[in-house]
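Novice: The residues making up each chain are set out below.
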Amino acid sequence: MCVKSVTLVLLVGALIWLPRVHSEDFAIIGATLLPVSSDPIEGGTIYVKNGKIEAIGQNIQVPEGVKTIDGSGRWVMPGIIDTHSHMGVYPWPWAEAHADGNEMIHALTPHVRAEDAVFLEDPAFERARAGGVTTVQVLPGSGNLQGGQTVVLKLRSVNTLEEMKFEGAPRGMKMAFGENPKRVHVIRDQIMSRMGNSAVMRTGFRQAQEYRAKWEQYTILQDTDHPVSRPDYDPKMETLVDVLDGKIRVHVHCYRKDDLLAVLRISDEFGFKLASFQHGLECYKIASELAKRDIGVATWADWWGFKLEAFDGIPQNAALLANAGIRVNIHSDSSDGVQRLFHEASKAIRYGMNEDHALKALTIWPASMLGVEDRVGSLDVGKDADIAVFSHHPFDVYTLVQQTFIDGVNVYSRK
Amino acid sequence: MISVTKHTEYPRRKIEKMKQSARVSLLKPLCLLIITIHGLHAEDTRSGKFALVGGSVVTMAGRTYEAGTILVDEGKIIDVGGSEVDVPFKYAKIDVKGFSILPGLIDSNTHLGLIEIDMEPDSREISKIDDPIMPQIRAADGINPASSLIPVARINGITTAMVNPGENGLFSGQGAIIDLAGDLVSDMLVETSAVILLNLGDSGGGGSLSSRMGRMAIIRETFQRAKEYKAHKDRFSEELSRFEKKRKMAAENTRTSEKNAASADKAGSKDESSERKEGETKKSDSTAAGNGAGASSKEDSSKKEDSGKDLADKEEPLPPMPPSLDLKLESLVRALDGKVPVFVRAHRLDDILRAIELKREYKLNVVINHGTDAYKVAAQLAKEGIAVVVGPINTQPDSFETLGASYANAAKLSEAGVLFSIQTEDDHNVRNLPFMAGLACANGLDRDEALRSITINAAKILGIDDRYGSIEKGKVANLIVVKGDVLQPRSSIERVFIRGKEIALGSRQLELYEKFRPRN
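These protein sequence lines map, in sequence, to chains A and B. The first sequence begins at 1 in my numbering and counts up by one. The second sequence begins at 1001 in my numbering and counts up by one.
Don't take every hint at face value.
[As the list claims (entries may be wrong)] Cross-link-like lysine-lysine pairs, in silico, DSBU-like; alpha carbons within 30 Å at most:
#1 B:K1128 to A:K307
#2 B:K1076 to B:K1339
#3 B:K1515 to A:K257
#4 A:K415 to B:K1376
#5 B:K1515 to A:K307
#6 A:K182 to B:K1128
#7 B:K1049 to B:K1097
#8 B:K1460 to B:K1230
The set of hints was computed from the structure by calculation and includes no laboratory data.
Generate the whole structure from the sequences, applying the supplied hints.
Specialist: Laid out in structure tokens, this is it:
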């Protein structure tokens, strides 16, 4: 009996201790390093200790006993970051039973959370790791004006979502404007035009302002002689109040110039800031306005024309925006594209982006859109050891990812 | 839980604050992009006679000429070679030193010209599945030569494309091959009915179409009917020629007998000839009835037989009945002849094997379209001589029938000796064809083989390699001048010639770029 209890205690203890995969210290030696925050380093060494970058440069002394990886002929860059993913919420293979990314019961569903629908067995996660991707933002879809809350994940090979979540990452909200919400909600008698898009969005925020005022009034008066009754809890309004209070970063799916400007007007009216436009195919038409407001743009290298609002998309968009001083992310919005974001960035170069911008568009710029730029996005001392090792330059069409590390843990090796 | 904060500020005042603190961008438009649009050249190629001189000519016919020369006249390649090729007088000489010249790239499966905007039905000509058996549909009848997608593809080096009318239903129509330049479809067409499309796998409809068993049954029934139709047609043409022969003989006989009769007895022959005329009228009436209405009554047919018999007795044979025209079956007869390749959409291994069965049963020239699992039966495909139109290279395990998707598909087919081409199955981004071939290289495909898969091997599979796919004497002058490696996105296409005419490197997208790019 006693032995059994001890065994049980030991087992439970082991289970508590087991989940975190601990990183082994190592150094990649003799590789071409692309730190993003500084110029490329030929024949460089990157030394990883306790899952963080301990040292990087040409003449790094690695302590004896630390495992070394021969990096000669290899290219090393920070793990790739994608601000637009539906992995886990629209897992493979496509099946109606798997379609959990759009809560299209109402145009405003700010309270729903992508993290409540992530299917960890989605084979896309492993393929994304094989593409050197280490951090993604999983968003709800664009069927609703306010689609719900996003979740930022590190693509660790772990068994639970808790372990995958990017600890400390700011919360995010997905909003959408243009064709999708009006197409989806016309059958629900909520919206059928762009006028409706703006009106319903405004209504939501106006209600949130009133909700906030009611709670403020309740809080102020509750200890006085004239308390008011406690307002009803409303999860939708809770979330929108957090948006209004700047506690949630807003990422807006939007294509056309007039839709982009409509979103800017609404954000001005209600005083919340936009972290990024997602897709933003016509952002090049209002580049100076976006630069002035320091709004990031996550877009594809060359997708266009799949719907009317995407017809003015041009492959020079990303280059024009980066040149205007805007932080750009070459995003995927696709479990296919996420595997080759480096290849997509090379196409942005074809259409005028410079190589430095193209690297940033895969790393530090998306990191800053998600508010995690202090942790990831460049190879700097003290940052998380999220690293992708390539066989050729990442923008060479013949390149392949050889190894991917997250927090110093090898999560992918090419066989 | 709700956060209670000091938000007493009126939003408008907040906006003012935000405006004041808004970061004023100090960035001047210093990073002006310069793209070179080759509209005008010093060398005038308008006469149609010109020579590309000094470039690395990658012929795709086994040789590469460093510092080669290509002579073009009237849209055709007149000569190609090294320094031994002289440029005749009257040929505009174009110096392309430092560049590679390749045959224009061929995408063996696209929807170019049929789709302008995917989600706008009015700008989309992809066949629907009201009737799953529509082999008579021709992509050529739906192509819009003014599509803004066509210039986007060609300025990136794709000069020829198979246009697929859609992969819905079972028999979804006939694919056309077009050159990507011309104001009229007729000016663009290389082949009007280049391939017949047959779709296996998950893309079924309702009813008996909802299972592979049901779909195969309908496919077999259709091919069987086509076979019988063909047999009927063959029999008809045999009978017709026999009939013609007989009639000729009969006419000759009549002439001789008439001559004889005329010389023998002039008065009695009058009545006889008027009687025969009556009989002829009767016969043609009943034939018309039998042909027109499919359900002619027994009486009619017996009458017809009788009258036929009467006539036969009078030595006038009955012309054979042609089979009533069935456009669906008519379209499939060409497939049974093996004249036209049948592109069989098949991803999953068992669907590929079904395609092989159909090839054997109906003597079809089967080409596997997509072939996601093709690498699993590469040896068998090589043995059977079945080609594969691979791709797109980035086919993913995103549906139940593509769970076996592998980037190494093309490389493994190549190792096994399977003839294959690489396709985009795209419309807006057909321009990515060479990069897809590049991705196949990254995943083990030999680079030369990758180039062949988007030039000469694509031409072979489409049955146009006598005119397209390589730089050889007598072939169509579809040529591209490339700076760098054509498979690399960072390279650029400098000049494009289609049927010997230089194409201005412009597109609607470049016009938008010009309109909105910053200016100093």
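Novice: So, for every hint listed, does it hold in this structure?
Specialist: Hint by hint, here is what the structure shows:
1. B:K1128 to A:K307: Distance ~19 Å between B:K1128 and A:K307 Cα, so the pair holds.
2. B:K1076 to B:K1339: 26 Å, holds
3. B:K1515 to A:K257: 14 Å, holds
4. A:K415 to B:K1376: Roughly 19 Å between the alpha carbons, so the hint for A:K415 and B:K1376 holds.
5. B:K1515 to A:K307: 22 Å, holds
6. A:K182 to B:K1128: Given that 30 Å is the threshold and the Cα spacing comes to 25 Å, the pair holds.
7. B:K1049 to B:K1097: 19 Å, holds
8. B:K1460 to B:K1230: Holds, because 27 Å separates the two Cα atoms, which is no more than 30 Å.
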